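Colleague: The primary structure of each chain is shown beneath.
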Amino acid sequence: MTTLDRALEHTGPLEPSMLLTPHSLDEALRLLAAGDAAVVAGGVGHTLRRHDRRPCPATLVSVGRLPGFDTVTWTDTEVVIGAGVRLSALEADVRLAAAWPMVTEAAGSVATARIRRMVTLGGNIAADDDSHDPPVALAAAGARLTVRDALSGRTLAIGDIGGLRRDELIQDVRLPLTAPDQGTVGSSFQKFLVRGLWEYACVNVGAVVRLDARGAVRDLSLAVGSVTGGPVPVDLAGLAEEAGEAAGGIDDRVIDEAARRAAEQTSPYGDVRGSAAYKTRMIAEFARRALTTAALRAAEGTGR
Amino acid sequence: MAVPLRFRLNHEDVEIHVHDPAATLLDLLRGDLGLTGTKSGCAIGYCGACTVIVDGEAVPACLQMVGLLEGREVRTVEDLAGPGGLDPVQDAFVTCAGMQCGFCTPGHVMAVRALLDRDPDPGEEELRRTVDGNYCRCTGYVKILDSAREAVALERARAQEVR
Ligand SMILES: Cc1cc2nc3c(=O)[nH]c(=O)nc-3n(C[C@H](O)[C@H](O)[C@H](O)COP(=O)(O)OP(=O)(O)OC[C@H]3O[C@@H](n4cnc5c(N)ncnc54)[C@H](O)[C@@H]3O)c2cc1C
Ligand code: FES
Ligand code: FES
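Protein chains in written order, with the UniProt record's numbering: chain R, 1 to 304; chain P, 1 to 163.
Rather than coming from a laboratory, the hints here were simulated on the basis of the structure. One or more of the hints may lead you astray.
Said to hold, decoys possible - Incomplete in silico selection of chain P near chain R, CB under 8 Å:
hint, residue
1, V14
2, I16
3, H19
4, A22
5, T24
6, A43
7, G45
8, G48
9, T51
10, P60
11, M65
Note that this is a predicted model, so its numbers are computed, not measured. Just so it is clear, CB atoms sit at the ideal spot from N, CA and C, and this is done for glycine as well.
The following block holds chain R by itself, in its conformation from the complex:
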């Protein structure tokens, strides 16, 4: 849960930080390996911490402008998004919007346009905040994070971000692509704003529907954010098979059952955006909307 308006915990003068600006990824990783240092990318999260007088590491290693860190590259099988890509750039990426609309929708739903110009995808994910929007979409999409330390690299699922070590950084985010002869993918991100205005979500849901080349449902996926431990992937075991048998795509019964499971398997917390009970109902509703839109997009066959 994110609270921007908490009462200041400590009000004494702030200890100044040291900011290091490496020129390459390797140099950044060496600096991180040296000890009490943290990555700074867009700097928005660190600035909020500082504002709230929450403890900040003495040394910050700036990675937001490292060469190659803010590029999006495409192969036949995946799209690789650099951790330094700003959410404003992601939101405006037309090719990504065609392949994974849910990801551009989630990026475009964060805060305001002015803030999205500063926030990086890597910073948004690494903050490990259950209310953040992009991780919900990425979890539903089955994205993988490429993580590096000075000596080696590994990949993490979005849900494992809590295991990111201090000496590691996220280098990029990888989304799978489906070959045209393998069927189609539709996805949708839904963010419920109680006031109808930009802010943190009351609930946020990402959904993916994969159809095979004949149009039968091959796979369904749902992830829910703004809940304890979020984003939480919903266990939809057996539902894709049930839907796949129904001619003409996914029917309402399957969507209702998926929405029911989303509500049942998640634990929202009550806050200014609604009570836990209210949010549980909203999770079902927005899961339904996300899956319905994702199914329509998959049927249209363009990802949209």
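With chain R's structure known, arrange chain P with the ligands on it following the hints.
Modeller: Same frame as chain R, but now just chain P with the ligands:
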């Protein structure tokens, strides 16, 4: 220990020594450089009153860490008026009475300025998106949007004059 920071501020190269590179641009502008045209409303990114232009993009100065500005270009509202008078965007806000108390105005003016620098002929949707993220507790936004539309017209007229 103060560290040197070099960037361009309102078309001038500046080199200053900052005590804390994690401090915000808002504090630097208002507290250290005396550029108080940029307003401090919430200091956490919500109100937009502190909006300045960094590398051509309108961003809240309260979220901008100064240390990340090395080698970059910053413009504040103080940069807009010149010997020839007010900037067309400022003129538009005056003409349309796009302000009451005026606290939110520098943020709106800088956001519209950045938009026009990128796209001299923005559509209505783009203007509305530009105003978003900048609270105004006085006007109800109608006159702010009128001002933004007028700014587009004045900018166009001025470009034609120059030609
Ligand atoms: C007014 C306001 C409204 C907001 N609304 C939303 C919203 O609606 N939805 C939403 O999702 N978010 C929202 N945010 C939060 C914002 O997305 C986060 O603060 C985000 O973490 C900032 O990213 P950054 O790149 O600026 O962060 P930084 O401050 O640079 O980094 C944030 C954290 O991530 C770490 N980090 C950064 N990059 C990497 C990397 N490559 N590898 C490893 N660790 C890294 C840093 O060490 C730090 O712990 C809002 C913020 C504000 C101020
Ligand atoms: S003072 Fe920066 S957004 Fe409010
Ligand atoms: S004119 Fe007073 S806040 Fe906008």
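Colleague: Hold the hint about V14(P) up to the distance rule: shortest CB distance to chain R must be less than 8 Å.
Modeller: violated (18 Å)
Colleague: Would you settle whether the hint for I16(P) is holds or violated, based on the nearest Cβ-Cβ distance to chain R being less than 8 Å?
Modeller: violated (14 Å)
Colleague: Taking the closest Cβ pair, is M65(P) under 8 Å from chain R?
Modeller: holds (4 Å)
Colleague: Interface hint check: A22(P), Cβ to nearest Cβ on chain R, cutoff 8 Å. Holds or violated?
Modeller: A22(P) check passes; min Cβ-Cβ to chain R is 4 Å, inside 8 Å.
Colleague: Hold the hint about P60(P) up to the distance rule: shortest CB distance to chain R must be less than 8 Å.
Modeller: holds (6 Å)
Colleague: Does A43(P) meet its interface restraint, that is, does its C-beta lie within less than 8 Å of any C-beta in chain R?
Modeller: It holds, given that the least Cβ distance between A43(P) and chain R is near 6 Å, below 8 Å.
Colleague: Next item in the hint list is T24(P). Is there a CB on chain R closer than 8 Å to its CB?
Modeller: holds (6 Å)
Colleague: Once the shortest beta carbon distance from G48(P) to chain R is found, is it less than 8 Å?
Modeller: holds (6 Å)
Colleague: Closer than 8 Å between Cβ atoms is the bar; does T51(P) clear it against chain R? Give me holds or violated.
Modeller: holds (6 Å)
Colleague: Could you check if G45(P) really has its C-beta closer than 8 Å to a C-beta on chain R?
Modeller: Hint on G45(P): holds, closest Cβ of chain R at ~5 Å, below 8 Å.
Colleague: Is the interface hint satisfied for H19(P)? The criterion is a beta-carbon contact with chain R at less than 8 Å.
Modeller: Because about 6 Å separates H19(P) from the closest Cβ in chain R, which is inside the 8 Å limit, the hint holds.
When each numbered hint is compared with the structure, violations occur for hints 1, 2.
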